[in-house]
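Novice: Protein chains in written order, with numbering that gives the first Met the number 0: chain S, 0 to 328; chain R, 0 to 446.
Treat the hints with care, since some could be wrong.
As the list claims (entries may be wrong) - Computed cross-link-like contacts, DSSO-like style, restricted to lysine-lysine with a CA-CA straight-line distance of at most 27 Å: (1) S:K252 / R:K242; (2) R:K165 / S:K248; (3) R:K9 / S:K248; (4) R:K435 / S:K252; (5) R:K171 / S:K248; (6) S:K312 / S:K194.
Calculated directly from the structure, the hints in this document are not laboratory data.
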Amino acid sequence: MAVMTYREALNMALREEMHRDPNVFVIGEEVGLYEGAYKVTQGLLKEFGAQRVVDTPIAESGFTGVGIGAAMAGLRPVVEMMTFNFALLALDQIVNSAAKMYYMSGGQFNVPIVIRGPGGPAAQLAAQHSQSMETYFYHVPGLKVVRPTTPMDAKGLLKSSIRDDNPVIFIESETLYNVKGEVPEDPDFLIPLGKAIVRREGTDVTVIAYMGMMYRAMEAAEELEKEGISVELVDPRTLRPMDTETIIKSVRKTHRVVVVEAGAGFAGMGSEIAASVTEQAFDDLDAPVERVTGANAPMPYARNLEKLKTPSKDWIVAAVRRVCNANGS
Amino acid sequence: MAVTKVVMPKLSDAMESGKIIKWLKKEGDRIQGGDILAEVETDKADVEMEAFGAGVLRKILVPAGETAAIGALIGVIAEPGDDIGALVASAAVGGAGAGSGAQKTPLRAEPAPAPPTPAAPPASSPAPAIPTSAPAAPVARPAAVVSAPAAVPAGLGQGTPGARVKASPLAKKIAAQTGVDLRLIQGSGPGGRIIRRDVEAAGSSAAPAAAAALPAAVAGAEFEDVPLTQIRAAIARRMPLSKAPVPHFYVTSEVAMDQAWELREQLNALEGQPKISVNDLVIRACALALLTHPGVNASLQGDAIRVFHRVHIGIAVALEDGLITPVLRDCHAKPLAQIAVEARDLAERARNRKLRAQELSGATFSISNLGMYDVTEFSAIINPPEGAILAVGSVRRVPVVDETGLGVGRRMMLTISCDHRVMDGAMGARFLQDVKRLLEEPLRLLV
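The following block holds chain S by itself, in its conformation from the complex (with noise of 0.2 Å):
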């Protein structure tokens, strides 16, 4: 294991992949001799060359058609998005195209391709550039979409994604790209898609986030303890397809659920979660499940509007107070 950034471990991942694989080349704006808006691709185009690390103009609808294009024809693209937020550009491509294709072929073109890049909120990028983009693509039959909260998972889930057969969504944060953790050096570490990771055992409640969700639910965790209630946390890594079981499992054991995500509530995560804690585990609640969303608005500029709509620590705190009915009592 070394200790390195969670940027540091995507691009191991690309490096060994790239190695692995000739067919597996990186495409989009500013990564070959920019090394990347947020270096990923640093190195990369020094080490692999121009055929395989690929500046590409500002288009992304482009750029992601000629992806699709080279997946259909055998390639194993990555294609970058500057922020995730321009993925709306191509988001025809991906949901007509890349999604589609292998059913619309009758199975005769798959797309192995991965698009990734930062999503989410971040530091004052505002209205346009701060959102949770993973809701639009995990309601598309056909797409994966990965949203690793830690350093091993950045690696060993970018590996398992270049590697699968279908179209990934893979979704980082500007926030995590500086944190540090441990990461595997052996290039056959992978991570399997669709499996989710229970990050600390609890008794009382059972707390579902991930990527800055997921730090503020432990340092909610942490405060809880000292309250006397255990809390549980599950990190479901990859949100489609989701891992009800281990969630499942989870709320069978405590009984109560508290979803935490960073975009707005309406048709998010937390409520596809609540669906089906619902459906598998009804008996098994002992209070209705509390999602815990961004407020239902454009996201401010303003620092302390930006801090009012994104969930914080102690909107956690709260919520599992309530579920737990500690509240005053």
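Please arrange chain R on chain S, whose structure you already have, making use of the hints.
Specialist: Same frame as chain S, but now just chain R:
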């Protein structure tokens, strides 16, 4: 093969209707004669209901939580090929009066003759009329399907109209498993929702939790209407049937309990012997005295007085929601230790509602003891058709005067209520005198 009607059985003397607590078999299960089909709450206890007849439990007509009158059809056991449509349909019509008063949704019959209108979704937009375009056969199917959900609310009812219990799904599950009655619990969750900890607290200490629950419910309101439980309803129905037609008279006597107290302490100091309570001594004394006063161990039966040769004593046991009187049989033939063991077992099972039906009937005499509540004396209401009941007060330390002067003694008041149609005052007094003598010379209880 034979079709077996499953009807609400008469599980106790006074039972008029029974509430299905839960079905232990579900529709489609194969049944052998003697299998336990369901648990039924009668006016006295929760009783297991046996199947008489073999086959498949084809239909459950009275879901858990609902009440049915004695003899009402509550289910059908038959072979899979048997036609039970007519039988089920007759129950849907004829059984309507059997309910507890909860809304009685027509139970769905197999052929679903009901028009689909009540369950049809409100036509907010002119939906394409399926029947005009679809062939006839598929149309019949949706009709049968829509009628099914209409029957569901009947099963969701809590048995008492307008008293929906709010409980978490987990709390409901635990309550069903442990037999805790959610209606008796005050929830501590939001809006008074019953959550797991409430059920678990009630399950571990049923009486205190329920006792605490009722006063707590009065938050600002001037009063609340607590629905009668089955057992409370039975008491309310039966006691006027005693007090009004049965002419009671009362005889009271004070018993010196000093020796009995000392004897009891000696007995309880013996290793390996069951603990003896004051009530056990009273039971034993009554059993012996009733043998010599058979006129008190008697019952009015129309034109005759039935005098019993065996002594079966009903022992009143207080529950959180009422009173129950399990019967200790053949007390006259049982030594004190056996009476102590059996009485304790009956009382414990009474509190857990685990008595069998036959343990609740057939008493020839009853004893009600409020001694643990620091009661000097009281008089009890006779439990017909018995002829008498003895009310036992506390053993008190009181000043007494004897030959040597003023001293401290233990005294207990006994009051017998007698049915004047069966016996007279002197008869009751002589019986009480003997009970007093047996307790004051307590070695007589051991021989």
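Novice: CA of K9 (chain R) to CA of K248 (chain S), is that 27 Å or under?
Specialist: Violated. K9 (chain R) to K248 (chain S) sits at ~45 Å, over the 27 Å cutoff.
Novice: Run the distance test for K435 (chain R) versus K252 (chain S): straight-line Cα separation, threshold 27 Å.
Specialist: Violated, because 60 Å separates the two Cα atoms, which is more than 27 Å.
Novice: Can the restraint linking K165 (chain R) and K248 (chain S) be considered satisfied, given a maximum Cα separation of 27 Å?
Specialist: At roughly 26 Å apart (the allowed maximum being 27 Å), K248 (chain S) and K165 (chain R) satisfy the hint.
Novice: Would the hint linking K312 (chain S) and K194 (chain S) be met if the CA-CA limit is 27 Å?
Specialist: Within the cut-off at roughly 25 Å; holds.
Novice: Quickly compare the C-alpha distance for K252 (chain S) and K242 (chain R) to 27 Å and report which way the hint goes.
Specialist: Violated, at about 55 Å.
Novice: Compare the distance between the alpha carbons of K171 (chain R) and K248 (chain S) with 27 Å, and conclude whether the hinted pair is satisfied.
Specialist: 20 Å, holds
Hint compliance for this structure: hints 1, 3 and 4 are not met, and every other hint is.
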